[in-house]
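Participant: Sequence:
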Amino acid sequence: MRFLHLIRPVMCVLPEVASPDRKVRAQPSLCVGSRAARSRCHHRHRGNEWSAALGLRKTRMALGPLAGLWHGGPTAPTAAHLSRLCIPFREKVLWTTITLFIFLVCCQIPIYGVQSAKSSDPFYWMRVILASNRGTLMELGISPIVTSGLVMQLLAGSRIIEVNYNVKEDRALFAGAQKLFGILITVGEAIAYVVSGMYGDISSIGLGNALLIIAQLFCSGLIVLTLDELLQKGYGLGSGISLFIATNICENIVWKAFSPTTINTGRGTEFEGAIIALFHLLITRNDKVRALKEAFSRQNLPNLMNLLTTFFVFVVVIYFQGWKVVLPVKYQKYRGQEGTYPIKLFYTSNMPIILQTALVSNLYFISQLLYNRAPTNILVRILGKWQDSEGGQSIPVGGIAYYISPPTSFAEIIYDPFHAVFYLVFILTACALFSKTWIEVSGASARDVAKQLRDNQMVMKGHRDSALIHVLNRYIPTAAAFGGMCIGALTVIADFMGAIGTGTGILLSVTIIYQFYEAFMKEQEEEDGQFGF
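Under this note's numbering, residues 13 to 545 are what the sequence shown spells out, in order.
Hints are computed from structural coordinates only; laboratory data are not their basis.
Each residue gets a CB set at the ideal place from its N, CA and C atoms; glycine is no exception.
Any given hint could be a false lead.
Unchecked claim - Using 25 angstroms as the maximum straight-line C-alpha spacing, the simulated DSS-like pairs for lysine-lysine come out as follows: (1) LYS245 with LYS336; (2) LYS180 with LYS342; (3) LYS463 with LYS448; (4) LYS336 with LYS534; (5) LYS336 with LYS463; (6) LYS245 with LYS180; (7) LYS356 with LYS180; (8) LYS473 with LYS356.
To be verified - Here are the simulated distance ranges between beta carbons: (9) ILE275 with ILE390: 20 to 30 angstroms; (10) LEU196 with ASN176: 17 to 27 angstroms; (11) ARG347 with THR109: 43 to 53 angstroms; (12) ILE275 with GLU538: 41 to 51 angstroms.
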C-alpha cells in the first residue's frame with residue numbers, strides 16, 4: 013500500500029458521501045422491530061468515522077495547516093450526520109429517483125460553445141455501455157468511473173499495489189485512490205475531447221469557449237461520480253453505473269417509440285416515433301391497409317415490428333432470468349438449520365455482453381481512426397473499411413470490423429449469409445469465453461464459492477465436506493459458459509430481428525432492471541422484518 017499512502021494527503025481533501033455502513037462510536041440503535049432486525053441494524057452501526065478510516069490523525073503532521081483546516085474547518089456536504097441512522101426504504105427510493113432525474117436532465121442539456129458538426133461519431137459504438145449522449149453534459153457518461161475502476165483493479169491484480177481487503181484502512185485508501193483517478197481521468201478526457209476537435213477546431217470556437225467546454229465536461233463528470241457514490245454508499249438502490257446504463261437505453265427505446273420529431277422523406281413528412289407514426293399514417297393516408305403495412309415495415313425509421321421485437325426480447329430475457337439450480341446446504345455448527353444456494357442460468361449476469369461490447373467498440377474505434385488516416389493501407393483495410401451512412405454515422409463495410417458487426421436486416425442476412433454465420437459464431441464464442449474468464453477473476457468460481465461456504469461453516473447436504481468443490485464444479489462452469497452463450501444468442505436474435513436499441517442494449521437494460529427489482533424486493537422485505545410485519 014506504499015503507493016496509496018503517497019496519495020493519501022490528496023485523498024483527504026476529496027469530498028465523499030458518507031456511507032450508512034460507517035458509524036459514529038457509542039451511538040444508540042434507532043431501529044425497532046424483531047430481535048434479528050435490531051441485530052442487523054446494530055451491526056450496521058459499528059465502525060469508525062471516515063476521517064479515522066483514512067488515517068487523518070497520522071497525516072496531520074504531513075499536511076500541516078491544510079490538515080488542520082480540513083479537520084477543524086467547515087466540512088464538505090457529506091451528510092455524515094446521517095451515518096448513525098438506518099436509511100429507510102422510502103428514502104432510498106427517493107434518492108434513487110432524484111439521482112435518475114439529475115442524470116436525465118443532464119442528458120438533455122447541450123454543451124455551450126459547441127459548433128454544430130455533422131461528422132461521424134467515433135464513440136457511437138461505445139455509448140451503449142458508457143451511458144453517454146453526444147453533445148450533452150453526459151458526453152463522458154460513466155467512462156471516468158469505469159476507467160478508474162479498471163485501472164485500480166489492474167494495479168491491484170498485477171501486484172503493483174498491495175491491497176488487503178480485510179483491512180478497513182486499505183479498503184478506504186483504495187476507494188479514495190479510485191475516486192482520485194476518476195477525477196483525473198475526467199479532466200484528461202475533457203481536454204482530449206476538445207483538443208481532438210470533436211466540438212470544432214479550437215481556432216474556430218476560440219480559447220474561451222474551449223476552456224468553458226472543458227469546465228462543463230469536468231463539472232458534469234463530478235456530478236456523475238458523486239451520484240454513483242451516493243448510491244454505492246447505501247443511500248439508494250443498486251449502483252449508479254447500472255442505473256445510468258439502463259436509463260440511457262430505456263430512454264432511447266421510449267424516444268424511438270414516441271418521438272414527435274418530424275422527418276422529410278420521399279413519401280412525405282413522417283414522425284420518428286413508431287407509435288406516433290402509426291396514428292399519423294392512419295389519419296393522413298386514404299389506403300388504411302397500406303398505411304398499416306408501412307407503419308409495420310418502413311425502412312430507415314423505427315417501425316412497429318422493431319418495437320414488438322424489442323418487447324418480445326424483454327419478455328424472453330425476463331423468463332430466462334428465473335432459470336436456476338438450487339443446491340441444498342446445511343450449517344455444520346447449528347444442526348437442523350438448512351438453506352439453499354441458487355446457481356442461475358445467467359450466472360455472470362450481463363458481464364459477458366459488457367466485455368464483448370467493450371472489446372468490439374474499441375476495435376471499431378481503432379479501425380475508424382486508422383482508416384481515416386490511411387484508407388489505402390492493406391493492413392488497415394483488413395482490419396476494417398468504413399463509409400458514411402445517410403445519418404452521417406460511419407458503418408463498417410469490409411474487413412474484420414464488418415464481420416463482427418450485426419446484420420441490419422433479414423435482407424442483409426440473405427444477401428451475405430457468411431456474415432451472419434460468422435457474427436453468430438463470434439458472439440457465442442466470445443460471450444462463453446468471457447463468462448468463463450470472469451468467474452475466475454471476480455471470485456465467483458467453484459473454488460471461491462466453496463471457500464465462502466466453508467468460511468460460513470456450511471456444507472452441501474448429502475455430500476462430504478471434501479466433495480464440495482467437485483459438486484460445485486458440476487454446475488458453476490457449465491452455468492457460466494452456457495449462460496454466456498444464451499446471453500450472446502439472445503443478443504444475436506435481437507439484432508437479426510431489428511430490435512430497437514440493439515441486442516446488447518436490450519440485454520443490458522433487462523438484466524439491470526431485473527437486478528434493481530431484486531434489490532427493491534430485498535430492501536422491502538428487510539424493512540417489513542424490522543417492524544415485525
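Participant: It remains to establish, for every hint, whether it holds in the given structure.
Facilitator: Hints and how they fare:
1. LYS245 with LYS336: violated (30 angstroms)
2. LYS180 with LYS342: violated (30 angstroms)
3. LYS463 with LYS448: holds (19 angstroms)
4. LYS336 with LYS534: With Cα atoms ~18 angstroms apart, LYS336 and LYS534 stay inside 25 angstroms; holds.
5. LYS336 with LYS463: holds (21 angstroms)
6. LYS245 with LYS180: Since the Cα atoms of LYS245 and LYS180 sit roughly 15 angstroms apart, the hinted pair holds (cutoff 25 angstroms).
7. LYS356 with LYS180: violated (32 angstroms)
8. LYS473 with LYS356: Answer holds: LYS473 to LYS356 is near 19 angstroms, not above 25 angstroms.
9. ILE275 with ILE390: 20 to 30 angstroms: violated (39 angstroms)
10. LEU196 with ASN176: 17 to 27 angstroms: Between LEU196 and ASN176, where Cβ atoms are some 25 angstroms apart, the hint holds.
11. ARG347 with THR109: 43 to 53 angstroms: holds (46 angstroms)
12. ILE275 with GLU538: 41 to 51 angstroms: holds (49 angstroms)
This entry does not satisfy hints 1, 2, 7 and 9, going by the numbered hints stated previously.
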